[in-house]
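Required output: the full structure, derived from the provided sequences and hints.
Residue numbers (the numbering used here), protein chains in the order written: chain Z, 308 to 595; chain V, 28 to 361; chain A, 238 to 513.
Be aware that one or more of the hints could be misleading.
With a cut-off of at most 25 Å between alpha-carbon atoms, the simulated BS3-like pairs for lysine-lysine come out as follows [to be verified]:
1) A:353 - A:343
2) A:419 - V:131
3) A:401 - Z:591
4) A:419 - V:121
5) V:265 - V:352
6) A:341 - A:401
7) V:352 - V:230
8) V:230 - V:251
9) A:459 - A:370
10) V:299 - V:230
11) V:101 - V:131
12) V:211 - V:101
13) V:251 - V:276
14) A:341 - Z:591
15) V:211 - V:146
16) A:247 - Z:591
17) A:341 - A:247
18) V:293 - V:251
19) V:121 - V:101
20) V:211 - V:230
21) A:353 - Z:591
22) Z:505 - A:401
23) V:265 - V:276
24) V:121 - V:146
25) Z:346 - A:247
26) A:343 - V:101
27) V:276 - V:299
What the hints contain is simulated information worked out from the structure, not anything from laboratory work.
Keep in mind it's a predicted model, so treat the numbers as computed, not measured.
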Amino acid sequence: MATQHSRSAARMMLAPAVVLLLGWMLVPLIMTLYFSFKKYLPLRGGDLGWAGFDNYVRFVTSSAFWPSVQATLIIVGGTLLITVVFGVLLGLLLNQPMWGQGVVRILVIAPFFVMPTVSALVWKNMFMDPVNGLFAHLWKFFGAEPVVWLSDASLFSIITIVSWQWLPFATLILLTAIQSLDGEQLEASEMDGAPVLKRFYYIVLPHLGRAITIVILIETIFLLSIFAEIFVTTGGAFGSRTLTYLIFQRVLESQNVGLGSAGGVYAIILANIVAIFLMRIVGKNLDA
Amino acid sequence: MGQIQLNQVTKSFGDVQVIPPLDLTIEDGEFTVFVGPSGCGKSTLLRLIAGLEDITSGHIAIDGADATNLPPAKRGLAMVFQSYALYPHMSVRKNIAFPMRMAKMPEDEQNRRIEAAAKALNLTDYLDRRPGQLSGGQRQRVAIGRAIVREPSAFLFDEPLSNLDAALRVGMRLEISEMHERLKATMIYVTHDQVEAMTMADKIVVLRAGFIEQVGSPLELYHKPRNTFVAGFIGSPKMNLIEGPEAQKHGVHTIGIRPEHVQVSKTEGTWKGTVGVAEHLGSDTYIHVHETGLGDLFTVRISGDIPVRHGDTIFLTPDMEQLHKFDENGLRLP
Amino acid sequence: MARAVTQQRKIINTTAAWAVGLLIFFPILWTILTSFKTEATAIADPPVFLAFDWTLENYGVVLERSNYARFLWNSIIIAGGSTILGLIIAVPAAWSMAFVPSRKTKDILLWMLSTKMLPAVGVLYPIYLIFIKMGLLDTRAGLIIVLMLMNLPIIVWMLYTYFKEIPGEILEAGRMDGAGLKDEILFILTPMAIPGIASTMLLNFILAWNEAFWTLNLTAAKAAPLTAFIASYSSPEGLFFAKLSAASTMAIAPILILGWFSQKQLVSGLTFGAVK
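Structure below.
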């Protein structure tokens with residue numbers, strides 16, 4: 308509740324943020340939409356007129372499209388699976404009484420703060436290099452033939468790197484959620500004679516449901532647009548070209564802006580579908 | 028100076044009108060208490076005067092000058108909040124100094140006033156502490172100190188004692204009354220506690236659902252409540268209100284008799300009843316009487332102690348001089 | 238809740254947690270260790286863990302060769318600039334939504350969040366074009382603006398959450414005490430919200446520091462920050478593990494330290510208050 312005075316002041320103070328974000332959202336969005344209906348090749352003649360839905364059709368029918376969707380889904384799905392499952396387990400483990408809990412927490416969180424280009428490079432070279440990487444040493448130690456990770460198992464390698472980056476995020480949020488679980492509820496169920504696994508299944512897991520959903524939604528939005536990890540490791544080769552990377556290549560590498568923009572519109576639609584679910588949860592929380 | 032005039036003031040939140048058109052004048056130097064049950068609009072009214080809420084229509088004048096559209100800072104009023112609203116990141120000294128700092132008062136004058144206020148409020152030893160390190164009563168005093176130093180044209184208090192425990196509350200009540208005597212400043216005090224209202228006020232404004240039910244001195248309200256609502260709200264224990272045949276004997280819809288205006292006898296009297304709970308306070312005894320045939324539970328207040336027990340039969344005789352009469356609309360009859 | 242935990246169970250927990258923690262931390266640890274090795278030791282088989290001749294030589298080479306200082310300076314300016322600019326715009330906005338809420342406040346908050354969900358790649362070319370037209374390509378100013386806009390929703394959101402926890406009566410007291418809007422924000426709200434503002438700054442600094450889509454695509458030589466500096470190592474020439482490690486360590490060390498300070502606020506900041 309407030310006065311007219313403060314209300315008009317409030318509107319004034321909100322305005323810059325709203326105007327800037329509106330511009331940031333609308334201007335590029337409208338331009339992308341505009342380009343997506345154009346035949347536009349900056350290095351080969353520039354604006355060559357309207358193209359109707361050609362770009363949209365061509366983007367989807369190009370031989371690179373479906374593999375890129377597949378690669379995107381595998382990377383996103385694989386990473387989600389790994390981070391959520393291990394995130395829950397790690398969260399449960401870190402919630403136990405132990406010595407040096409704070410230090411362990413810090414160790415676990417650390418990868419989240421490593422810039423993506425660094426973690427991609429470190430993994431690519433120092434761990435996955437087929438000659439000098441640690442994995443190669445390890446394989447040789449057991450008498451096995453070193454794997455050429457980034458070309459023979461490119462998706463798996465990228466999932467490993469990305470999971471390593473995102474596991475801390477999942478763990479931290481799930482740990483926070485676990486800590487908010489009412490201890491008396493667990494004790495009550497213990498009194499009711501529920502064994503450990505049942506307690507986890509019927510009480511802990513439902514309690515974590517919301518946190519898990521949030522982890523999945525937020526990670527999905529970020530993972531759909533991972534870029535540096537692929538840029539630095541495989542450059543999109545060996546079947547690791549995601550939708551994001553494909554669009555990037557169309558726009559900046561082959562300078563086919565119309566085609567890339569159509570791809571961009573697809574990416575925006577895809578992200579919005581996920582975002583709607585996330586907003587619902589966040590919005591519900593605002594009312595409380 | 029500090030005369031405050033409300034002229035046809037209304038307030039609506041969306042479609043809900045919480046203050047219907049209201050006229051009220053608070054004279055300079057008067058201690059006015061707004062009292063009423065929770066949700067009666069008394070705090071809203073105070074915030075309208077403070078300028079923390081806009082009035083929907085009408086006018087507010089302070090010392091004769093129109094203040095309807097003035098922001099709170101320009102009205103020259105000081106407010107003590109229910110939660111004290113001290114600035115947690117500032118020391119007591121800085122808290123008290125804040126309004127003067129905002130008014131760009133010279134430093135030495137600020138210090139002089141802080142010292143004076145601290146002395147008057149027993150805060151001298153605490154000036155360098157943070158609010159978090161103080162007890163509830165001390166915080167209350169800091170909030171008052173912050174209000175005093177500005178020498179405002181009026182003080183506004185929003186249920187300032189409701190967060191204190193009972194003993195402290197009585198003490199602070201006295202201190203605020205004392206302060207009023209000393210400063211002779213206009214004070215508007217909001218409370219839901221009719222004891223605070225009765226003990227502190229020069230003028231009480233009883234509110235219900237945004238309407239002013241009655242304005243008057245404490246004793247006026249006690250002796251001549253304008254309607255059954257005020258009759259029931261002012262005075263403790265509550266006035267006994269009796270409808271039906273017993274009221275018709277007096278030719279009215281409702282009669283009221285305060286618990287302290289009833290004589291008790293074990294042998295004879297106007298009404299007969301059974302003792303329910305008897306509360307022995309030492310100085311007084313409250314007896315709750317059942318089965319009087321008068322409707323609800325009947326309460327009697329006897330000075331001193333009286334040996335009655337649960338289930339005893341008892342006779343009650345009202346003091347006819349002190350009988351209140353109301354019509355079917357609940358309005359007082361002469 | 239309190240219950241005696243057997244010593245034995247605590248030992249098992251501790252061992253397991255430390256093992257997992259060290260495993261997760263290992264790549265970082267290994268990088269730091271390797272940065273102190275010679276190139277030959279760095280690729281030795283079997284790998285050497287601690288027993289090697291520690292050397293600072295790699296740091297010297299990296300500093301000399303790639304003008305690390307300039308990349309570092311760009312990173313600091315870009316991350317710091319976008320965070321501060323973002324705060325200047327976000328503090329008033331968060332104030333108005335937290336203390337003068339209207340019926341639209343919730344929608345505005347959610348809409349702001351939704352701009353964060355816009356995939357960068359979808360608007361890559363328009364931004365690229367605008368940057369060329371306005372001469373912002375490969376400038377720090379350009380990146381500051383883009384990263385500020387990108388993180389603005391998070392800044393507004395975090396500040397909003399913190400401001401919500403400040404009782405409105407205190408601000409009203411300030412108003413009664415004669416504080417104008419500017420005084421109110423400067424002397425009352427901001428000092429009270431300092432812990433919240435600090436953690437907001439920290440988190441956004443980290444996010445901006447690590448941002449690797451716009452910083453890679455919109456810079457060339459002049460304005461490139463550390464993300465690009467490291468990416469330039471992706472085409473290897475000969476033996477370079479130790480130098481890569483030294484460069485990596487220098488790129489992540491400042492943020493690791495800041496990150497550890499901000500871990501408490503991380504959760505509510507990253508989930509927009511949905512998990513606390």
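*residue 341 of chain A paired with residue 247 of chain A [C-alpha distance capped at 25 Å]*: Not satisfied, since the Cα-Cα distance of roughly 51 Å exceeds 25 Å.
*Verify the proposed pairing of residue 353 of chain A with residue 343 of chain A, using a straight-line Cα cut of 25 Å.*
With a Cα-Cα distance of about 16 Å, the restraint between residue 353 of chain A and residue 343 of chain A holds, given a limit of 25 Å.
*Would you mind confirming whether the straight-line C-alpha gap from residue 353 of chain A to residue 591 of chain Z stays at or under 25 Å?*
18 Å, holds
*Pair hint residue 121 of chain V and residue 101 of chain V, alpha-carbon separation not exceeding 25 Å*: 21 Å, holds
*Verify the proposed pairing of residue 401 of chain A with residue 591 of chain Z, using a straight-line Cα cut of 25 Å.*
At roughly 16 Å apart (the allowed maximum being 25 Å), residue 591 of chain Z and residue 401 of chain A satisfy the hint.
*Does residue 299 of chain V pair with residue 230 of chain V here, judged by a C-alpha cut-off of 25 Å?*
38 Å, violated
*Proposed proximity, residue 370 of chain A with residue 459 of chain A (alpha carbon, max 25 Å)*: 18 Å, holds
*Given the proposed pairing of residue 251 of chain V with residue 276 of chain V, does the C-alpha separation stay at or below 25 Å?*
With Cα atoms ~21 Å apart, residue 251 of chain V and residue 276 of chain V stay inside 25 Å; holds.
*Starting from residue 293 of chain V, check that the Cα of residue 251 of chain V is at most 25 Å away, please.*
With Cα atoms ~31 Å apart, residue 293 of chain V and residue 251 of chain V exceed 25 Å; violated.
*asked:* Would the hint linking residue 211 of chain V and residue 146 of chain V be met if the CA-CA limit is 25 Å?
replied: 19 Å, holds
*Holds or violated: residue 211 of chain V with residue 230 of chain V, Cα cutoff 25 Å?*
It holds: about 14 Å lies between the C-alpha atoms, which stays within 25 Å.
*Would you mind confirming whether the straight-line C-alpha gap from residue 265 of chain V to residue 276 of chain V stays at or under 25 Å?*
Roughly 23 Å separates the two Cα atoms, so the pair holds.
In this structure, the earlier hints numbered 10, 16, 17, 18, 22, 25, 26 are contradicted, and the remaining ones agree with it.
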